[in-house]
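*Asks:* Residues per chain, in single letters:
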Amino acid sequence: MITCNNLVKYYDGTKVLDGLNFQVKEGEIFGLLGPNGAGKTTTIKVILGLTELDSGEVIKNSDIHIGYSPETPYFHPFLSAYEVMLFYAKIQKIPMEDAIKQTVDFLKTVGLESEMHKKVKKFSKGMLQRLAVAQALLGEPELLILDEPSSGLDALGRVEMKKMILKLKREGRTIILNSHILADVESVADRVMIIHKGRLLKTVNLNHDDGSINLEALFTEALGGENS
Amino acid sequence: MIPIIQIVIKEKLRNKIIYVFGILGAILMVLVSTGDGLSINGIKITTFEQRVPVAIAMNSFVGCLTAIVISLQTIPSEIERKTTHLILSRRIDRGKYMFALTIGNISASVMTMFALNLSLIVFIALLGRIDLLFSVLGSIMIMNINVMVLSAIVSVLSIRIPLFLNAILSIGIYFVGVFHNLLSTLSNAVEGPSGLLLGFILKIVPNLSAVQNQAAGALINAPIDFYPLVIQLIFAYVAITLTFFMFKQEV
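If you read the protein sequences in the order shown, they are chains A and B.
Each residue of the first sequence is one higher than the one before, starting from 876 at the first, in the working numbering.
Each residue of the second sequence is one higher than the one before, starting from 5 at the first, in the working numbering.
What the hints contain is simulated information worked out from the structure, not anything from laboratory work.
Quick caveat: nothing in here was measured; it's all calculated off a predicted structure.
Label pairs and their computed distance ranges (CB to CB):
#1 LEU186/B - ASP938/A: 53 to 63 Å
#2 PHE248/B - LEU928/A: 15 to 25 Å
#3 VAL883/A - LYS207/B: 42 to 52 Å
#4 ASN19/B - HIS940/A: 32 to 42 Å
Heads up, the beta-carbon is just placed ideally off N, CA and C, and yes, glycines get one too.
Put together the whole structure using the sequences plus the hints.
*Replies:* What follows is the structure, encoded as structure tokens:
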């Protein structure tokens, strides 16, 4: 679905992406793993077209539509979840009838159907994260990018978020999941890319059936090898 | 773009600062319209006709400051809270996005200006001076040109200039604009580099005083000279057009 070839990006003279190559296949959950400053967020920005590359290219299947859920979502506090969804539907020029249907459907998907007319200012961090995922689903994007969806959530919130991602997976959605919580990625992702200092260290296929892969060990090993 | 404009207006009209300015403006207006102690250049202002221009001038001052406050923060806030990511990831053109935010600022500023003057219109109606209504409305509409120009300039500057610096610059632009005619006379009298610099500044700052003069003229049903009004509208047009090209930075 997406092929990234030799991505190079500098910020103020510092190389944050250093020849990164990877591919995201249709229908998979692709985990992005790496320590702080590894270049995960920059990689996402590049895919979203929010930042320009110094060299390299992102090849997308035709003109795919991408839904994005940011790490720290901000929604106008005076709007209800329903109004937030309609706002983002309108800017995508989704016809009104369809926008209303998608709004209700996706708020149901993320478990916010009973809170849809509540003002966003009354939302907890977990509810905001779920609303961010719901708005990312608007317009039925071919690819979803979830940037730290469990960031700032308590244990229960994390469990709910994981369930939601698995639900999206069952619906056959392609997802790029950026997270620094190894256990969360391990339990939902099909493949994981470990990056450090903007470079690809390892790509791991996770087979959830045999449970033989220890992501934590692989991650530590990859980073240990890099740091030594 | 319309949903973005609407959301800016909604957000701005909920801003408490606007209500503070609004109440302040209304109090000033009531004092000016009803007080007996008001005098200008030692001449006592007694009749309602004499007080109305003062009230409009006061409201225009408050309205322009409000326009600056409204327009200063919109774009920096969008960038800071990363709403830009959510909007731009939906393949919305950067220029159109900034344009929509600017139009939102201008609309909110103009609405605030009308709200400020609403109490004056109510006063006129209550006093049974319907004969003054059209000239006052015309004057307020002309004054709104200044609000539009200021809002557009502050918005476009806010794309590139840090908030605090932009605030100082915007207040500077307002005062140079209001004293444009006076400073123009001064620049003719001053020679050398200072005179050239002042002349240059006056060329790039809109002549807000020319608009005020026409608004004052409208109050006494004097014929309106549209030339200075069109010039200020061109300033606003140029500023609004620049919003399409100014937002280049990384988000």
